[in-house]
Amino acid sequence: MALAPAENAVANSIALDIEGVTHHYDLDGRNLQVLDDVSLVIEPGEFVALLGPSGCGKSTLLRLAAGLETPTVGNVLEDGLPIAAPNPDRILVFQDATLFPWRTVRDNVAIGLEARGLIREREYRIDEVLKLVKLEGFADVYPHQLSGGMAQRAALARALVNDPKLLLLDEPFGKLDSLTRLRMQNELLDLWKSAGFTALLVTHDVEEALLLADRVIVLSDRPASIVAEVRVDRPHPRRRDDAGLVALRRELLEKLGISHDV
Amino acid sequence: MSAAIEGTFGGAGRRSLALPVTGLWRNGLLAAGTWLLASAVTYGLPDVITWGATELFAIVTLLGAAFFLVLSVTVHRLGGLGRTLVHYGPWFIVLGLWLAIWEVLTAKLGWLPKPFFSPPQGLLHVYVTDWERLLICVAYTGRLWGLGFFSGILVGFAGGVALGWSKRFAYWGMPLLKLIGPVPASAWIPCTFFLFPTTFHASIFLVALASGIPVAILTAAGVGQVNRSFYDVARTLGASNRFLIFKVAIPASLPNVFVGVFMGLYYSFAVLVVAEMLGAKFGLGWYLQFNTAYSAYANVYAALIIMALICAGLVRLLFVVRDRLLGWQKGIL
Ligand SMILES: Nc1ncnc2c1ncn2[C@@H]1O[C@H](COP(=O)(O)OP(=O)(O)OP(=O)(O)O)[C@@H](O)[C@H]1O
Ligand SMILES: [Mg+2]
Numbered sequence: 001m002a003l004a005p006a007e008n009a010v011a012n013s014i015a016l017d018i019e020g021v022t023h024h025y026d027l028d029g030r031n032l033q034v035l036d037d038v039s040l041v042i043e044p045g046e047f048v049a050l051l052g053p054s055g056c057g058k059s060t061l062l063r064l065a066a067g068l069e070t071p072t073v074g075n076v077l078e079d080g081l082p083i084a085a086p087n088p089d090r091i092l093v094f095q096d097a098t099l100f101p102w103r104t105v106r107d108n109v110a111i112g113l114e115a116r117g118l119i120r121e122r123e124y125r126i127d128e129v130l131k132l133v134k135l136e137g138f139a140d141v142y143p144h145q146l147s148g149g150m151a152q153r154a155a156l157a158r159a160l161v162n163d164p165k166l167l168l169l170d171e172p173f174g175k176l177d178s179l180t181r182l183r184m185q186n187e188l189l190d191l192w193k194s195a196g197f198t199a200l201l202v203t204h205d206v207e208e209a210l211l212l213a214d215r216v217i218v219l220s221d222r223p224a225s226i227v228a229e230v231r232v233d234r235p236h237p238r239r240r241d242d243a244g245l246v247a248l249r250r251e252l253l254e255k256l257g258i259s260h261d262v
Numbered sequence: 001m002s003a004a005i006e007g008t009f010g011g012a013g014r015r016s017l018a019l020p021v022t023g024l025w026r027n028g029l030l031a032a033g034t035w036l037l038a039s040a041v042t043y044g045l046p047d048v049i050t051w052g053a054t055e056l057f058a059i060v061t062l063l064g065a066a067f068f069l070v071l072s073v074t075v076h077r078l079g080g081l082g083r084t085l086v087h088y089g090p091w092f093i094v095l096g097l098w099l100a101i102w103e104v105l106t107a108k109l110g111w112l113p114k115p116f117f118s119p120p121q122g123l124l125h126v127y128v129t130d131w132e133r134l135l136i137c138v139a140y141t142g143r144l145w146g147l148g149f150f151s152g153i154l155v156g157f158a159g160g161v162a163l164g165w166s167k168r169f170a171y172w173g174m175p176l177l178k179l180i181g182p183v184p185a186s187a188w189i190p191c192t193f194f195l196f197p198t199t200f201h202a203s204i205f206l207v208a209l210a211s212g213i214p215v216a217i218l219t220a221a222g223v224g225q226v227n228r229s230f231y232d233v234a235r236t237l238g239a240s241n242r243f244l245i246f247k248v249a250i251p252a253s254l255p256n257v258f259v260g261v262f263m264g265l266y267y268s269f270a271v272l273v274v275a276e277m278l279g280a281k282f283g284l285g286w287y288l289q290f291n292t293a294y295s296a297y298a299n300v301y302a303a304l305i306i307m308a309l310i311c312a313g314l315v316r317l318l319f320v321v322r323d324r325l326l327g328w329q330k331g332i333l
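So the protein sequences, as listed, match chains Z and Y. Quick note, the first sequence lines up with residues 1 to 262 if you use the numbering used here. Quick note, the second sequence lines up with residues 1 to 333 if you use the numbering used here.
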């Protein structure tokens, strides 16, 4: 791929340990438990997908991993050290694109580099990632001039330009048409293979999880706990009609269906 | 706006806009007619009260009529300027009518009597005889207003950002701001006399206060309303607090800031008269008071018109600045 892995031998991925995490929100004075004793160990360079019903706490888990919140109970560790604050090594691509409306697409992508004072040395990367998400022709337009899917791709580019070691993706392809979606999935896979980051992907698409991830985690309804964990030992590129994947798909849907009924 | 004008004038504007390039500008002709009427009324009817520049005013309106007459055939060759003129055509017609009516009601019938009212030639007389003093007043007021307004919005903006950003600032500052906000400018005069070395400084303070307070309040509100997820995004991308303030909070609240600046502009003009009460020797506000005291209302009206035109010009300028800075809002609003 166009994106070469970091030149030096510094690890370009990190391990993420979620240890007995329970999380509560204060919702208008009402205590709302969102996560219930979730434990999950993600190896460096692993690709993990999270499945679960709407509102169960998937985005919350990603916010904890990004360091935007600290868990009520339990620990979230990166390479064994507690995560206390956001850090550009761990980048979260939000469920909504949340592009800054006063910045053009290019300037939105540049935010991370600007914030870290790297804009001079790495400016060339902006054009690389824009090309990667096929937005090179839209670098100078404002977010309100983009379609929903294009905005999502711009948000992905804004994360990728920082060469994260842990990429947290919250339904990044939710608004894409099926063709673009397929293409973006492949791009992400290639990128993951070449850059070697750790990836944690939230999705509601079982097929997407099976096509991309090494491991698929199924969460229960709120408060979320892990109800199933499926290892996908198939080499890439995977075919969606692969007999093994079809069997796994049925198994996962069953798990999700059960969690819906409870 | 154009829709409103065309609606009011029964589509007269629309028809002239639709004329072929070589055609006649009907509204231009009509404007020439109303201006000629004003001129004829002024010159032809006897004055019940005499005012200096009656003949001059008749000449000026006559020139105006000639101007529109020429424009009515040439306006289509003037490009962008021509289109603007055509757009305001109905206004020119009404302006001529209004001058004629004003003339009749004051100078010709005396229904609106001296000294409370003045016919148009009364104002013209002021401009012709007193223009030097008026120019000096404009310069003095410009200096006072410029210093006061710009220092006011600068301090107001900085204070507003601090109030919107920092909880502790807001805790102490917001109640104070709410207390200070409604106090009329004249109430400050006693303590400004004590606090400032010269009356000029005190005047600057009053103008700054009037323009700074709305900017501070709206900036604080704007910064407080910024979507939290913008901060989350920026923080995950490695933004420091400084970056969050200058690259997220401020640009996101800029639309609000401009509302505050517009309000500050109007308030600063309203307070000029009070500010120039403080022993100023020149200035439009001083000119207004001085002439009110002598019941020279024609001078008062003449100065008011100048102030209104300057204020309108500044508002226009501010719109240009805003559109330049907030171009990204186009298509959202
Ligand atoms: N900042 C917050 N304050 C209070 N409650 C919150 C907050 N954020 C999320 N919640 C609550 O936590 C629960 C889980 O939210 P979360 O966004 O993690 O769900 P999700 O699994 O990502 O759902 P979806 O698939 O619909 O995106 C929801 O019930 C929501 O109301
Ligand atoms: Mg979510």
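What the hints contain is simulated information worked out from the structure, not anything from laboratory work. Just so you know, even glycine gets a beta-carbon here, dropped at the ideal spot from N, CA and C. Check the hints yourself; a few may be wrong.
To be verified - Pulled from the structure, derived: some chain Y residues nowhere near chain Z, Cβ distances all over 12 Å: (1) TYR43; (2) LEU69; (3) TRP98; (4) LEU176; (5) THR236; (6) LEU244; (7) LEU326.
Stated by the list, open to error - Covered stretches of chain Y (in silico footprint by chain Z; criterion: 3 or more residues with CB under 8 Å from a CB of chain Z, positions within the stretch not fixed): (8) 221 to 232; (9) 248 to 258.
Status of each hint after checking the structure:
no., hint, result
1, TYR43, "holds (58 Å)"
2, LEU69, "holds (47 Å)"
3, TRP98, "holds (43 Å)"
4, LEU176, "holds (30 Å)"
5, THR236, "violated (5 Å)"
6, LEU244, "violated (9 Å)"
7, LEU326, "violated (8 Å)"
8, 221 to 232, "holds (count 4)"
9, 248 to 258, "holds (count 4)"
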